[in-house]
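Participant: Letter by letter, the chains look like this.
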Amino acid sequence: MEFRKDLFANERDDDLNEVGRPTQRQDAQGHVTGRSRFFDDYALPGMLHMKFARSPHHHARVRSLDTREAAQMPGVVRILTSEDVPKKVHTLLILLDLGPDDEPPLAFDKVRYRGEPVAAVIAESESAAAAAAAKVRVDYEPLPAVFDVEEALAPGAPLVNEYHGRNWYDYNGYDFRKIRFGDVERGFREADHVVEERYQMSPIEHAPTETGGCIAAPDTAGRYVCYTNTQALFFSLETAARILDLPSNRLHFVGGTVGGGFGGKVDSVHEPLALLGAMLTQRPVRSAYSRAEEMQVSSPRGAERFYVKDGVMDDGRIVARYARIYFDAGAYSRLSPYGAVKAAAHMPGPYYIPNVWVDARCVYTNRTPSSAMRGFGVTGADFALEVQMDKLARLVGMDPMEFRIFNAYRDGDMKAHRRVTKNAALIECVQAAARIADWPLSERFQAMSSTRDGGGERGVIPPAPAPGPGPGKGASGRRVPPAGAEAAATTARPPAPADAPTVASPARSPLAGRGRMSSLLGTRRR
Amino acid sequence: MSHVTLDFRLNGTGRTELIAGGETLLSLLRHRLDTTSIKQGCRQGTCGSCTVIVDGEPRLACITLAATCDGCTIETAESLPGPGGLHPLQQAFMDHFAAQCGFCTTGMLMAAKALLAANPSPTREDVVDAISGNICRCTGYQPIIEAVLAAAGAGPSGAGQPGGSRPGVV
Numbered sequence: 002m003e004f005r006k007d008l009f010a011n012e013r014d015d016d017l018n019e020v021g022r023p024t025q026r027q028d029a030q031g032h033v034t035g036r037s038r039f040f041d042d043y044a045l046p047g048m049l050h051m052k053f054a055r056s057p058h059h060h061a062r063v064r065s066l067d068t069r070e071a072a073q074m075p076g077v078v079r080i081l082t083s084e085d086v087p088k089k090v091h092t093l094l095i096l097l098d099l100g101p102d103d104e105p106p107l108a109f110d111k112v113r114y115r116g117e118p119v120a121a122v123i124a125e126s127e128s129a130a131a132a133a134a135a136k137v138r139v140d141y142e143p144l145p146a147v148f149d150v151e152e153a154l155a156p157g158a159p160l161v162n163e164y165h166g167r168n169w170y171d172y173n174g175y176d177f178r179k180i181r182f183g184d185v186e187r188g189f190r191e192a193d194h195v196v197e198e199r200y201q202m203s204p205i206e207h208a209p210t211e212t213g214g215c216i217a218a219p220d221t222a223g224r225y226v227c228y229t230n231t232q233a234l235f236f237s238l239e240t241a242a243r244i245l246d247l248p249s250n251r252l253h254f255v256g257g258t259v260g261g262g263f264g265g266k267v268d269s270v271h272e273p274l275a276l277l278g279a280m281l282t283q284r285p286v287r288s289a290y291s292r293a294e295e296m297q298v299s300s301p302r303g304a305e306r307f308y309v310k311d312g313v314m315d316d317g318r319i320v321a322r323y324a325r326i327y328f329d330a331g332a333y334s335r336l337s338p339y340g341a342v343k344a345a346a347h348m349p350g351p352y353y354i355p356n357v358w359v360d361a362r363c364v365y366t367n368r369t370p371s372s373a374m375r376g377f378g379v380t381g382a383d384f385a386l387e388v389q390m391d392k393l394a395r396l397v398g399m400d401p402m403e404f405r406i407f408n409a410y411r412d413g414d415m416k417a418h419r420r421v422t423k424n425a426a427l428i429e430c431v432q433a434a435a436r437i438a439d440w441p442l443s444e445r446f447q448a449m450s451s452t453r454d455g456g457g458e459r460g461v462i463p464p465a466p467a468p469g470p471g472p473g474k475g476a477s478g479r480r481v482p483p484a485g486a487e488a489a490a491t492t493a494r495p496p497a498p499a500d501a502p503t504v505a506s507p508a509r510s511p512l513a514g515r516g517r518m519s520s521l522l523g524t525r526r527r
Numbered sequence: 002m003s004h005v006t007l008d009f010r011l012n013g014t015g016r017t018e019l020i021a022g023g024e025t026l027l028s029l030l031r032h033r034l035d036t037t038s039i040k041q042g043c044r045q046g047t048c049g050s051c052t053v054i055v056d057g058e059p060r061l062a063c064i065t066l067a068a069t070c071d072g073c074t075i076e077t078a079e080s081l082p083g084p085g086g087l088h089p090l091q092q093a094f095m096d097h098f099a100a101q102c103g104f105c106t107t108g109m110l111m112a113a114k115a116l117l118a119a120n121p122s123p124t125r126e127d128v129v130d131a132i133s134g135n136i137c138r139c140t141g142y143q144p145i146i147e148a149v150l151a152a153a154g155a156g157p158s159g160a161g162q163p164g165g166s167r168p169g170v171v
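As given, the protein sequences belong to chains A and B, one line each in that order. Counting the first sequence from 1 gives a position; this note's numbering is that position plus 1. Counting the second sequence from 1 gives a position; this note's numbering is that position plus 1.
Any given hint could turn out to be false.
[To be verified] Derived Cβ-Cβ restraints for the label pairs, each shown as a range:
(1) Gly-257(A) / Val-5(B): 55 to 61 Å
(2) Glu-126(B) / Ala-135(A): 41 to 47 Å
(3) Gln-73(A) / Val-5(B): 45 to 51 Å
(4) Pro-82(B) / Val-421(A): 54 to 60 Å
(5) Gln-73(A) / Gly-22(B): 23 to 29 Å
(6) Leu-45(A) / Asp-71(B): 29 to 35 Å
(7) Asp-16(A) / Gly-154(B): 45 to 51 Å
(8) Arg-16(B) / Gln-25(A): 44 to 50 Å
(9) Gln-73(A) / Glu-126(B): 30 to 36 Å
Hints are computed from structural coordinates only; laboratory data are not their basis. Ideal Cβ positions, reconstructed from N, Cα and C, are used throughout, including at glycine.
Take these sequences, add in the hints, and give me the full structure.
Facilitator: Spelled out as structure tokens, the structure:
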């Protein structure tokens, strides 16, 4: 590994003892001897097992729930339904003051995705719990379901989550997270070429080798202990305390050893209900996903969709970017409203673009709730904008590495979210990568530096354009009324995807034929 | 369900256990005999986290009926350290950062031990083949392959060299 101290000379100390030197992980010896204790290695005497009755429907009303037959099954000790849960509806991000509560730990009036739990059966063995869970009788009335973010935003789409009142997350009165910087319409007018493309991420499952789970047990003095593989021990503790309506000092969480997480073990789905089971039975209760449940029910990466429209000059300068992001939260928020914010913030990329307009919507569908997964929001945005960079480079006939060096932001540049760039090193990183890969760079680009030619005109916040509809034509940026104002809310939908960008690319360069990609790509797949 | 008596050796100790006919080796060893180095990742024979050595052969404990192991010698990761300390494979896994989350590690070690017992000088392809039934979601496998080769003395760097020759181990 190469440490380029010269690039960050003003940022680092040279008397560090560990950085730059190989060191042994403190848990390595436990791992190679098998002595590291994962949650499932804490099997306790008298431990019970919890399994769930899950919805076979993507979207359905629950007419009635009958657990009588299940309760008669061999080995069953207790069955939990929503009636047993102190806080019947919750949301994870309430710990960051991002409401509203929108997800029941156990569903009651409706199920909103296939696999949603409606009852938890606690029994003497895992197989007994599973057999009894299959005997929970639920009378479902199937409802129309929606699986695509843009279809969910269209008029007449089934309402997925009543706690939001609409199929998108409300950011402080706005139907999306936005970035407004400069005048994108003028940027597109002045651009030699305008390109719009669509990018789609898949809802990837983390598939950790150890499935998510925990063991909860009564402790002394009215306290409860929970051995868990959560990636967020205190976040899960506080979430459980809220759902159980307990002071958090009644709970003792033991964890830190996680058999693969990648973001897939932050949703705190096992701990509150296993603890509730331990409270109601006064015995240890284990809850863990089977492999099938881990794949089908646990949160995957959101299916993010990006439309990126860029204006680029013949000399390679990117002069405008208009991006629309549709972040598929699935049926419930979990951490997706935060992921959509990250996607919006990341959309300009590490490049200086003087005119930027980003709308990021967090959309509800009847898919499995998505949540954290390896840079969620950022990873998808990077995929979209870096593939876009390759296309732009090809369009203007530039080498893709040189194109990135040319557009990289430099010290002193103003970013679209109004932070001045400091300690930039993208140019140097691309130069180093090119050298290692034997990728030839011309002298002009080898001579470029993050510390030169930034700032100045590039370091100021550009004047905003006169108030207008913006590139989304119509409702983009419109303030939506607060939830509850139903009559008005029906008229305040976000811009329909069918709204084509208003700006046609001017055909005024030798590459004008390629400039028409805008109208070709901008109108298809809608 | 009928029960049978099972005689076997586990990590050098003779055992006699009464087992149910359908009981898996995983259930017997992990849940009843507290051999918790054996991990259950899928219980369908696909992840390799429960790999143990039965009469010298790597076996998936989750899809092995305990009843088929009568008279067998069974080894788990608990048996690896010798009187002098860690087994060379364990040391090599530490030195080459072959264990990240640690969940697949014991299964990988048993697959590797079975390989080296049968083939003390494996090629890289032999190692890849030997661990092909063991899923690791963290490391990307290369550090594991390097560790096994190092332990066999056939790698680019010997065991016991902290950091080894890999540039990315820090």
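Participant: Let me make sure I understand: some of the numbered hints might not hold for this structure. Which ones are they, in numerical order?
Facilitator: Checked against the structure, the hints that fail are numbers 1, 3, 7, 8 and 9, while the rest are satisfied.
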